[in-house]
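Number of protein chains: 2
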Amino acid sequence: MNAPVTDTSSHNAELAAQIQTLGQQARQAARTLMTAPGHAKAAALRAMAARLEQDKAILQAENAKDLEAARNNGLAPAMVDRLMLSDKALKTMITGLLQIADMPDPVGSQTASSTRPNGMRVGQMRVPIGVIGIIYESRPNVTIDAAALCLKSGNATILRGGSEAFHSNRALGAVIQAGLADAGLPQHAVQVVGTTDRAAVGMLATLTDYIDVIIPRGGKGLIARLAAEARVPLLKHLDGNCHVYIDEAADLDKAHDIALNAKTYRYGICGAMETLLVHAAVAPKILPRLAQSLLDKGVELRGCERTRALIPQALPATDEDWATEYLEPILAIRIVDDIGQAMDHIARWSSGHTEAIVTENLHAATQFQREVDSSSVYINLPTCFADGFEYGLGAEIGISTNRLHARGPVGLEGLTTLKWVLTGDGQLRG
Amino acid sequence: MNAPVTDTSSHNAELAAQIQTLGQQARQAARTLMTAPGHAKAAALRAMAARLEQDKAILQAENAKDLEAARNNGLAPAMVDRLMLSDKALKTMITGLLQIADMPDPVGSQTASSTRPNGMRVGQMRVPIGVIGIIYESRPNVTIDAAALCLKSGNATILRGGSEAFHSNRALGAVIQAGLADAGLPQHAVQVVGTTDRAAVGMLATLTDYIDVIIPRGGKGLIARLAAEARVPLLKHLDGNCHVYIDEAADLDKAHDIALNAKTYRYGICGAMETLLVHAAVAPKILPRLAQSLLDKGVELRGCERTRALIPQALPATDEDWATEYLEPILAIRIVDDIGQAMDHIARWSSGHTEAIVTENLHAATQFQREVDSSSVYINLPTCFADGFEYGLGAEIGISTNRLHARGPVGLEGLTTLKWVLTGDGQLRG
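As they're listed, the protein sequences go chains A and B.
Per the UniProt record's numbering, the first sequence starts with residue 1, numbered consecutively.
Per the UniProt record's numbering, the second sequence starts with residue 1, numbered consecutively.
Simulated from the structure, these hints should not be mistaken for laboratory data.
Ideal Cβ placement from N, Cα and C applies to all residues, glycine included.
You may find that some hints are simply not true.
Stated by the list, open to error - Facing chain A, from chain B, some residues (calculated, C-beta under 8 Å):
1) Arg27
2) Arg31
3) Thr32
4) Leu75
5) Tyr378
6) Phe385
7) Gly392
8) Gly408
In isolation and in its complexed conformation, chain A is listed as follows (with noise of 0.2 Å):
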């Protein structure tokens, strides 16, 4: 399926083309790319780092027509920090570079493999998807992140970034292409559309012959544009509705700094505590004292009946509140008369990203890990720990709430695909 062009306005069939050529160029790329040794990827990815240092006095020049014109639009003053490509933006950017042409290539790596019966060994070799397409809101940063990791992983990239960073995202688009160069690599492994059209969206959305996955990011008003668009798959990532749960066999000392930690360490991440669940039979002792840590660091509290007669200052939940993600110092609570009680919740309530347990039972533990149908399911850690460097991975393109291939935080792993390789000496079938 082609870019389909939706207006016969020589404007739309030229922008068509334009992601079409986009999308060929891509393909042609991603064939180098594959088998690109990592020492070629490592490279490139150091040349661009060297490459960000040098060209500072350029990319802020540029950054700054982003940063004038987000004033004159009255952006807010945080949205325009976002955008800011201050040295210290930059030096984050030339670390997270290094870093990743650190990284061990996952490239052509293979699984345990098997013998058959008939002498035939069969097993998996890890390669790169092909071309990825991300389509992303203002921070310039993701331009870098994103090339880097589907860089190292193989894959060529089409980086579709927010229109306030127009002119950076174009600046970083050529230190970037400068640094494949250097390598040896071809420019359009990685290349960044040229216009802030919106129209280009859709067009990368559907250009299912020339991208194989489409990694949005950005707020749900972009995924769900996306959702309904798309006919190349999407490594999305919705909702994190995350849920405590303070069972009745907890360490209320552990249970209290678990919770607090979930729900105060940063509000506005995916993996905050939204709701949290505590057993009947320790509510009485865990909730006033937790209650009143959140009270002071300024939480703003909503609960079920029982929750509110434990704490005055509760508001009452409603429907509404177990199922929204505030991102905000805001907690629902709700009192439960069991684990099954909690677990119900959240089957009923949570978006599957991750829900946490606290208990010293190792029944209740286990029964927990195995039954929450969630991305992520933890036994005594706070939720806030969802987060691909936490887990290990090194780097994270984001965190999947897909059921299927990546789900949960993706690191270069998630960027691969695995390919089945069978080595015999003439054996036949039949």
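Given chain A's structure and the hints, the job is docking chain B onto it.
Frame of chain A; chain B shown alone:
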């Protein structure tokens, strides 16, 4: 997204409501199945096998209705054969059920785990996908096979077979549900769509709230239709345009036997060789002899000019031949100058299913296996080995030509996914 009502007629609204209900019931059953013990799933499969034997008369009476309709509709005798629930066909289903019952339960196994510097353990646990839709054409044995594999892997299943097998599939569905009940598992774990209305297919393919993946088993028309309509991810099986490349360092006796087996083991399977590539240095030695063996089996040969100079009986091959999955006793042959040209041909024309090299040269073998981007790549084996049983998977739901999730033959593992499981003792973040 709910099933869209594409027509306002009360009929379509009713059908949409019916499909919606199937989805809700499947989702609910999936939660129970997700944690059902292995012995209960095995017991259900054995109970189904017993009931297939016991209810043979009923099944064959229902099957007779389909057979009669098929004959009245002038269905080809081969198609009528495929429809028939003969004693032998039932016996094969029973054997299959018992084999699947005896396989190890894939659910709940854990990957190797690592311990992070803070002491928390990070691993992954294999879990069911959830709800799987199977959309297939006339063979009623798929009803049993697919239900058994999905159940064994802990998934709820919605089965939508071809209308030609409607009565047979409904009767098989009753046997399956009775077997589930015998083992105390929810009857909605396997549901057969109770209508022949083709609109049901489109409704299932967009039921993203309740179906996690759809596996189409049928012709290209069905898959093309689903690829255009589906919002639910597809695990799909497209063309098998498979290649064997005879390298200059091939053992020519092995090459002869491998190529002959790859083409003639069975013409209609997706792993059948459709194009043979031969290194120019060995073509004069191998091709005349191999051509004779193929012609003796009644295979029509089509070749490039150089091939035709060696094999006068070969018709001229065109680009359409390079692109075609014949599934018939026809073979395209091309002589190439080196392994690079062979791999270029494959990159240009292959459907990415299965390719093989015949060589005694380690470097050529390794290069081919590493660089050819197909879901299976063989050394010194015929492409007709593309099959889950041959790979030792113990069962096969199909062969995936997707790049993501499962690629190549899909067994029980491909019907599961992984979740992250972290275990700590009160570690906090930040």
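For each hint, the structure was consulted:
Given hint, Arg27 of chain B at the interface with chain A, is violated; its Cβ is 10 Å from that chain's nearest Cβ, farther than 8 Å. For Arg31 of chain B, the interface hint holds, the least distance from its beta-carbon to any beta-carbon of chain A being 6 Å, beneath 8 Å. Violation of the interface hint for Thr32 of chain B is found here, the shortest Cβ-Cβ separation to chain A being roughly 10 Å, above the 8 Å cut-off. Violation of the interface hint for Leu75 of chain B is found here, the shortest Cβ-Cβ separation to chain A being roughly 29 Å, above the 8 Å cut-off.
For Tyr378 of chain B, the suggested interface contact is upheld, since its CB lies about 5 Å from the closest CB of chain A, less than 8 Å. Interface restraint check: Phe385 of chain B against chain A, minimum CB-CB distance 6 Å, threshold 8 Å, status holds. Because the beta carbon of Gly392 of chain B sits about 6 Å from the nearest beta carbon in chain A, less than 8 Å, this interface hint is met. Interface restraint check: Gly408 of chain B against chain A, minimum CB-CB distance 5 Å, threshold 8 Å, status holds.
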